[in-house]
Amino acid sequence: MLNDFFILMKFELLPAVIFFVLLFIKVGTAELSNASIIRLANILLFINLVAGFFYNKDGGMFGDMFHTNALIVLQKSILNLGIFIVSLQAEAWLRTHKHVIEFYLLLLSSLMGMFFMISGANLLMFYLGLELATIPLAALANFDLEKRKSSEAAMKLIMSSAFSSGLLLFGISLMYGTTGTLGFAQLPALLNGSNLQVFAFVLLFAGFAFKISVVPFHLWTADVYEGAPVPVTSFLSVVSKGAFIFVFASVLYTVFKPLADTWYHMLFLLSVLTMVIGNLFALRQQNIKRMLAFSSIAQMGFILIGISGSSQAGTASAVYFVLVYVFTNLAAFGVVALVSAQTGKEDITDYKGFHATNPVLAWVLAIALFSLAGVPPTAGFFGKFFLIMAGAAKQNYWLITIAALNMIVSLYYYLNLVKALFMDANASPVPKITFGVYAKLAIVICIAGMVLSGLASVVYEYIYNLSTGF
Amino acid sequence: MSTSEILFWFLSVLALFSAIMVLVSKNPIHSVLWLIVVFFAISGHYLLLNAQFLAIVNIIVYAGAIMVLFLFVIMLMNLNKETEPSRNIWMKFSGVISGGLLLWIFVSATRSAGEIVGKTAMIKEGSIGLIENLGKVLFTQYALPFEISSVLFLSAMVGAVVIGKKQ
Numbered sequence: 005m006l007n008d009f010f011i012l013m014k015f016e017l018l019p020a021v022i023f024f025v026l027l028f029i030k031v032g033t034a035e036l037s038n039a040s041i042i043r044l045a046n047i048l049l050f051i052n053l054v055a056g057f058f059y060n061k062d063g064g065m066f067g068d069m070f071h072t073n074a075l076i077v078l079q080k081s082i083l084n085l086g087i088f089i090v091s092l093q094a095e096a097w098l099r100t101h102k103h104v105i106e107f108y109l110l111l112l113s114s115l116m117g118m119f120f121m122i123s124g125a126n127l128l129m130f131y132l133g134l135e136l137a138t139i140p141l142a143a144l145a146n147f148d149l150e151k152r153k154s155s156e157a158a159m160k161l162i163m164s165s166a167f168s169s170g171l172l173l174f175g176i177s178l179m180y181g182t183t184g185t186l187g188f189a190q191l192p193a194l195l196n197g198s199n200l201q202v203f204a205f206v207l208l209f210a211g212f213a214f215k216i217s218v219v220p221f222h223l224w225t226a227d228v229y230e231g232a233p234v235p236v237t238s239f240l241s242v243v244s245k246g247a248f249i250f251v252f253a254s255v256l257y258t259v260f261k262p263l264a265d266t267w268y269h270m271l272f273l274l275s276v277l278t279m280v281i282g283n284l285f286a287l288r289q290q291n292i293k294r295m296l297a298f299s300s301i302a303q304m305g306f307i308l309i310g311i312s313g314s315s316q317a318g319t320a321s322a323v324y325f326v327l328v329y330v331f332t333n334l335a336a337f338g339v340v341a342l343v344s345a346q347t348g349k350e351d352i353t354d355y356k357g358f359h360a361t362n363p364v365l366a367w368v369l370a371i372a373l374f375s376l377a378g379v380p381p382t383a384g385f386f387g388k389f390f391l392i393m394a395g396a397a398k399q400n401y402w403l404i405t406i407a408a409l410n411m412i413v414s415l416y417y418y419l420n421l422v423k424a425l426f427m428d429a430n431a432s433p434v435p436k437i438t439f440g441v442y443a444k445l446a447i448v449i450c451i452a453g454m455v456l457s458g459l460a461s462v463v464y465e466y467i468y469n470l471s472t473g474f
Numbered sequence: 043m044s045t046s047e048i049l050f051w052f053l054s055v056l057a058l059f060s061a062i063m064v065l066v067s068k069n070p071i072h073s074v075l076w077l078i079v080v081f082f083a084i085s086g087h088y089l090l091l092n093a094q095f096l097a098i099v100n101i102i103v104y105a106g107a108i109m110v111l112f113l114f115v116i117m118l119m120n121l122n123k124e125t126e127p128s129r130n131i132w133m134k135f136s137g138v139i140s141g142g143l144l145l146w147i148f149v150s151a152t153r154s155a156g157e158i159v160g161k162t163a164m165i166k167e168g169s170i171g172l173i174e175n176l177g178k179v180l181f182t183q184y185a186l187p188f189e190i191s192s193v194l195f196l197s198a199m200v201g202a203v204v205i206g207k208k209q
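Chains A and B, in that order, give the protein sequences.
If you're matching positions, the first sequence starts at 5 in the numbering used here and goes up one per residue.
If you're matching positions, the second sequence starts at 43 in the numbering used here and goes up one per residue.
The reader is advised that the hints may include incorrect statements.
Stated by the list, open to error - Cross-link-like lysine to any residue pairs, in silico, SDA-like; alpha carbons within 25 Å at most:
1. 207(B) to 101(A)
2. 178(B) to 160(A)
3. 160(A) to 87(B)
4. 444(A) to 346(A)
5. 160(A) to 203(B)
6. 178(B) to 9(A)
7. 178(B) to 346(A)
Unchecked claim - In silico negatives: residues of chain B with every beta carbon more than 12 Å from chain A:
8. 96
9. 105
10. 148
11. 175
12. 193
Said to hold, decoys possible - Simulated restraints on C-beta separations:
13. 203(B) to 10(A): 24 to 34 Å
14. 116(B) to 166(A): 17 to 27 Å
15. 38(A) to 71(B): 17 to 27 Å
16. 140(B) to 416(A): 26 to 36 Å
17. 462(A) to 61(B): 50 to 60 Å
18. 69(B) to 277(A): 35 to 45 Å
19. 194(A) to 191(B): 44 to 54 Å
20. 170(A) to 67(B): 17 to 27 Å
21. 102(A) to 114(B): 26 to 36 Å
22. 55(A) to 116(B): 42 to 52 Å
23. 112(B) to 202(A): 28 to 38 Å
24. 400(A) to 101(B): 29 to 39 Å
25. 38(A) to 114(B): 49 to 59 Å
26. 58(A) to 71(B): 39 to 49 Å
Treat the hints as calculated values from the structure; they're not laboratory data.
We put the CB at the ideal spot given by N, CA and C, even for glycine.
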């Protein structure tokens with residue numbers, strides 16, 4: 005029993021242990037320098053990542069409050085990898101920050117919340133995990149303490165997440181009112197598609213849509229991404245969204261299976277809206293973080309296509325895309341973070357002639373942009389390919405056509421940035437950026453991931469074998 | 043009509059009326075005072091459902107602690123008519139339309155829901171709201187969510203301290 009407790013809940017216990025180690029260092033008397041705290045935190049996060057690969061077991065605990073299986077372990081490992089890369093990239097910005105330990109405390113508690121949310125098989129656990137995953141992020145968005153924009157971002161994030169939690173809770177309470185249970189195992193049998201249940205489901209769906217910034221609920225995204233410090237932005241756009249995608253897909257496929265007809269149409273409409281509006285707004289952005297924000301909105305539209313396939317390939321392609329997206333988006337945000345930490349420049353025009361002064365970083369950013377656009381040898385191509393293949397199984401060719409057209413639109417603004425990097429002349433380009441061993445390691449991991457996870461077919465096959473659909 | 047029915051209707055009307063008054067009051071202090079009435083009416087509902095512990099906690103935490111906090115914030119922010127943001131007429135119009143549609147859908151969905159039509163609440167019979175039973179489920183069935191909420195508060199506190207220590 006006790007043994008089970010440590011093995012099954014390993015993913016949640018490790019961040020909790022690291023959380024308390026760092027907390028005691030903070031309240032203790034020892035004055036550690038920023039460099040040694042960052043080194044310690046990165047080593048601990050690396051141990052956390054590696055420990056996830058060994059001794060895993062399927063099973064549940066605490067009634068239906070907690071369960072885990074091989075797919076959930078994989079999803080949590082992807083998130084562990086994401087937080088490790090974010091932490092490596094944050095070093096350039098944290099080096100001179102006054103609250104390094106608090107940054108890691110909030111990051112870890114948010115990660116814990118995501119893990120409990122993924123593992124919970126009960127709407128109550130799901131809701132608590134979701135709150136634990138979002139509230140620390142609002143404080144993190146405010147971590148550029150002297151900047152007004154950062155406070156504005158935090159305020160917008162907390163307001164919009166409070167509103168979406170309100171919708172979600174209303175949906176959960178109506179769901180409980182009609183079925184009398186919160187457990188994921190009991191709910192499907194009690195869902196009969198009555199009007200009130202569909203209404204409750206729509207509210208729940210809206211809560212999810214807020215978190216992954218699907219289009220009518222995306223208004224907070226660009227402002228928060230622009231104002232928050234870059235490492236926090238990359239955490240929000242990759243790790244946080246990844247966690248919500250995992251839960252969204254599994255909840256739709258298991259709990260709301262009886263309402264599949266309803267949510268297929270919702271997914272269809274929302275994915276079209278998300279892709280079109282995300283891409284069109286990305287075209288006219290001047291700030292690189294805003295552009296990446298709208299591009300991430302558009303990417304969510306593609307993920308919804310994959311999820312709408314409701315087959316084994318649907319889950320697999322969504323999980324695979326999140327894995328690819330961790331490498332790709334973190335590579336792009338990593339370069340932006342370095343430039344922003346050392347020069348404070350965040351406009352697209354500042355990146356003109358970037359290749360002349362920083363050839364390595366220019367290439368990294370270019371590969372990441374090609375991967376985001378879905379250009380073949382990179383993993384992004386395979387990610388989009390599997391998503392669209394999964395969606396095409398429903399034989400809704402309108403959706404696929406719109407997706408293909410949107411990929412062309414997105415190619416325009418990604419390549420525009422690549423053109424600025426390599427071809428445009430600039431009288432005062434970004435000076436040479438120096439980067440330390442942490443950033444180098446992060447870049448190597450991202451580049452290797454972008455190339456290998458696409459070319460090695462074993463990655464997708466492994467995910468596919470763990471996935472389930474109907 | 044039995045006593046509990048009369049009480050139920052009285053409390054419901056009181057709760058709805060004071061909730062509307064919270065929204066339409068121009069003065070924020072009045073809104074807060076009406077909100078206290080809402081909480082007392084809701085606590086009355088808890089008592090009718092035989093949930094004494096919830097009723098007391100609702101009064102202590104919401105009507106007591108949180109309302110005092112609200113009043114403090116209003117006092118410190120010095121809200122008055124001049125600082126109230128003026129809203130566009132179209133904004134009000136679209137708000138009324140969308141809110142009305144939401145209410146319409148909600149009411150008609152509730153009326154057509156077979157699961158809850160004709161069911162009555164467990165007035166005076168339910169025992170889950172008693173402190174003993176609540177404590178039991180909190181530490182057995184809901185032990186894990188209970189522990190997670192403590193982590194949630196700890197991390198919220200860390201965040202609040204960092205933001206508060208700005209200067």
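Taking the hints in turn, this is what the structure says about them:
1. 207(B) to 101(A): OK: residue 207(B) and residue 101(A) at ~14 Å, within 25 Å.
2. 178(B) to 160(A): violated, 39 Å
3. 160(A) to 87(B): Roughly 35 Å between the alpha carbons, so the hint for residue 160(A) and residue 87(B) is violated.
4. 444(A) to 346(A): holds, 15 Å
5. 160(A) to 203(B): holds, 19 Å
6. 178(B) to 9(A): holds, 22 Å
7. 178(B) to 346(A): violated, 56 Å
8. 96: holds, 15 Å
9. 105: Residue 105(B) clear of chain A: closest Cβ-Cβ about 21 Å, beyond 12 Å.
10. 148: Given that some Cβ of chain A is not farther than 12 Å from that of residue 148(B), nearest at about 7 Å, it is violated.
11. 175: With a cut-off of 12 Å, residue 175(B) remains clear of chain A, as the shortest Cβ separation is near 17 Å.
12. 193: Since the minimum Cβ distance to chain A is about 6 Å, residue 193(B) lies within 12 Å and the statement is violated.
13. 203(B) to 10(A): 24 to 34 Å: holds, 31 Å
14. 116(B) to 166(A): 17 to 27 Å: Holds - the Cβ-Cβ distance for residue 116(B) and residue 166(A), about 19 Å, lies within 17 to 27 Å.
15. 38(A) to 71(B): 17 to 27 Å: violated, 46 Å
16. 140(B) to 416(A): 26 to 36 Å: holds, 35 Å
17. 462(A) to 61(B): 50 to 60 Å: holds, 59 Å
18. 69(B) to 277(A): 35 to 45 Å: Given about 41 Å between the Cβ atoms, the range holds.
19. 194(A) to 191(B): 44 to 54 Å: violated, 27 Å
20. 170(A) to 67(B): 17 to 27 Å: holds, 21 Å
21. 102(A) to 114(B): 26 to 36 Å: holds, 28 Å
22. 55(A) to 116(B): 42 to 52 Å: holds, 49 Å
23. 112(B) to 202(A): 28 to 38 Å: Taking Cβ atoms as reference, residue 112(B) and residue 202(A) lie about 36 Å apart, which means the hint holds.
24. 400(A) to 101(B): 29 to 39 Å: Given a distance of about 54 Å, which is not inside 29 to 39 Å, the answer is violated.
25. 38(A) to 114(B): 49 to 59 Å: violated, 36 Å
26. 58(A) to 71(B): 39 to 49 Å: Given range 39 to 49 Å: violated, Cβ gap about 60 Å.
Checked against the numbered hints above, the structure violates hints 2, 3, 7, 10, 12, 15, 19, 24, 25 and 26; every other hint is satisfied.
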